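Hey, can you work out the whole structure from these sequences and the hints?
Okay, here's what each chain looks like letter by letter:
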Amino acid sequence: MSQTKDALRVPGPDKIPLALIPVIALAALPLIPSLPTWVTLTVAGLAMGMMIFIMASGLTLVFGLMDVMNFAHGAFITIGAFVATSVLLPLAGWTQTDSLWMNLAALLPAILAAMAVTGALGLAFERVIIKPVYGQHLKQILITMGGLIVAEQSIHVIWGPDIIALSKPATLRGSFIFGDIAIEKYRVLAVIVGLAVFAAMFLVLNRTRVGLLIRAGVEDSEMVESLGYRIRRVFIGVFTAGSALAGLGGVMWALYQETVNSAMGMQVMILIFIVIIIGGLGSVGGCFIGALLVGLVANYVGFLAPKIALGSNILLMVLILLWRPQGLYPVAKR
Amino acid sequence: MIRQLLSGDYPRSRALTVVLLLILAGLALAPFVFPGTRSLDVAAKVCVFILLVASYDLLLGYTGIVSFAHTMFFGIGAYGIAIAASRLGPTWGSLALGSLAALVCSALLSLLIGILSLRVKTIFFAMITLAVATFFAILASQLSGFTGGEDGLTYKLPELLLPGTKLFETPLFGVEINGKIVSYYVVFFGAAMLFLALLRVVNSPFGRVLQAIRENDFRAEAIGYRSVIYRSVANCVAALAASAAGILYALWLRYAGPDTTLSFDIMVDILLIVVIGGMGTMYGAVVGATLFVIAQNYLQDLMKLASDAAVGIPLLPNLVHPDRWLLWLGILFILSVYRFPAGIVGKLRAGK
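Same order as they appear, the protein sequences are chains A and B.
Here the numbering used here is used: the first residue of the first sequence is 245, the next is one more, and so on.
Here the numbering used here is used: the first residue of the second sequence is 4, the next is one more, and so on.
Hints are computed from structural coordinates only; laboratory data are not their basis.
Nothing here was measured: the structure is a model prediction, and the numbers come from that model.
Not one of these hints is a red herring.
Dumping the calculated BS3-like pairs for lysine-lysine here, alpha-carbon to alpha-carbon at most 30 Å:
(1) B:K169 with B:K183
(2) B:K169 with B:K159
(3) B:K183 with B:K159
(4) A:K383 with B:K124
(5) A:K375 with B:K124
(6) B:K124 with A:K259
(7) A:K375 with B:K350
(8) B:K350 with A:K383
Residues of chain A placed beyond 10 Å of chain B at every Cβ, according to the derived structure:
(9) L333
(10) L367
(11) V468
A virtual CB, placed ideally from N, CA and C, is assigned to each residue, including glycine.
Structure (structure tokens):
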């Protein structure tokens, strides 16, 4: 079957989208006055892209597998950020010392707590809200929008409506300096975490039995079920994991912005939707490339012409859709 | 006569008829029955929202597509009036020009979005419109030289519509007939006429095809209707009606800004109203918008009382805080989607 396509097929035969990233980075080089600025912007773009990827990957996988677009995904991002804030603020003594280990000792439980809470909420959300409307797109959109409203308002009830300031741990502030080039430490961390998530996802999807089931489920869930696997359980697992990743992404994003407010999830969601559309709905590999493209373009254009930064992403999306109407890596089922 | 006005689409329930007649009478006589600036403001907002939500119902309830760009078209209408009136002066000519420019702009934009994304799935269209609408809202607040940025635009209208203008020397039924009341009736009759026009659209053969596409687009296509074209036209008609609502709102407020027309909060309001009122019924827009706008303006006072009374109990004051009323509406919204998809109107019709 030459028609068969993977949800995750970066190393597959189609490498043109992959080449877009260096092409765009090199195309920006002559436009930007100095090399150090270009390096800084590129790293910033990659870091931003990685964070968006962390948040978007769960959503696109859920869509690929279950045909559910969760508009409330942004709420999980926000809740992750707020839970981490609740853990980090009392531990301010640990985060503000100059010891890396103390910083990590505060950061790690915060991230784990955020992921645990958003994962659990995701599980509950799937069971209560989404389960009755599988296969009905219109109702899914409406229901998840309703979930978003309720979740945002609940955040107001629990944490109050104000913007909370959240500073980065001491050792993650500042930059590494190489000659003229300054690279923010936090951005390096974001790139590392993003790559780790991508690698882990790649390995799980391509090298494990569960991954095989997920990929088969994306392809044809009825067939997998008829072979005797309970695809519903895989669904639930993926949904929970995707929500937990949204929580992780929310923590990373909040520390990057150094503020937390209840609207942050919705703001990022616009970027996430653009990334998912660019990548092809349901494709994790496409989502990764799309996220990096969006991050890079946002940073380059933000430097060259700050007023049209978000417009540039819309333009990128339109261009890519004109080239490939289904996104970079269309998922075959649809 | 009534049959033609309603295009043969009667309320089909005694309770609903009574409610609709009450709303109609209330809105038609608002300046006389509910005098006062605030209540007239509420009445005008109800008129505008009935039209806005009804046009959204054409998309969501009748055609089965979810758009998040409806406030964008609403905003285009409002900004059309605002920019024309503040640039070209408060003349009828500039208002006509501004309205025309806004309508043309909405029509082109909606067709463009439709062609780009309506061929594919509902979800895709919802995501694209969300991105485009956000971009548009940011654009409006960035181009401050043109749109007034975050502050928006305040402008003058032709003299006939200004509150200072008196039409008659003596008050009528104890109410002074001034320009504000004239503009209220412009809004009222404009909204009423366009609402009836929308009712005509959904009950026309074209509207039937839209419902067929909503139910099963594959089959509609097989019978010979090009669903892309029908969806695009529906999208365009809805966008035009939303722009008209924006024009009326701008005439009433004499102000256009991101918060009154473009914000995502209004999009959420529209969604809540259309679902709670009743999708695919048109009358749901009337009942929903009236209840919603009145609740928005008066229920919050009540919640404030409850919130103040509950001081000292943990979390409860927060739950009934006036700003949290969306929480309860959100829950009601989710329940409506599951339990009674035809909303309040559906409930009333089932009860007969």
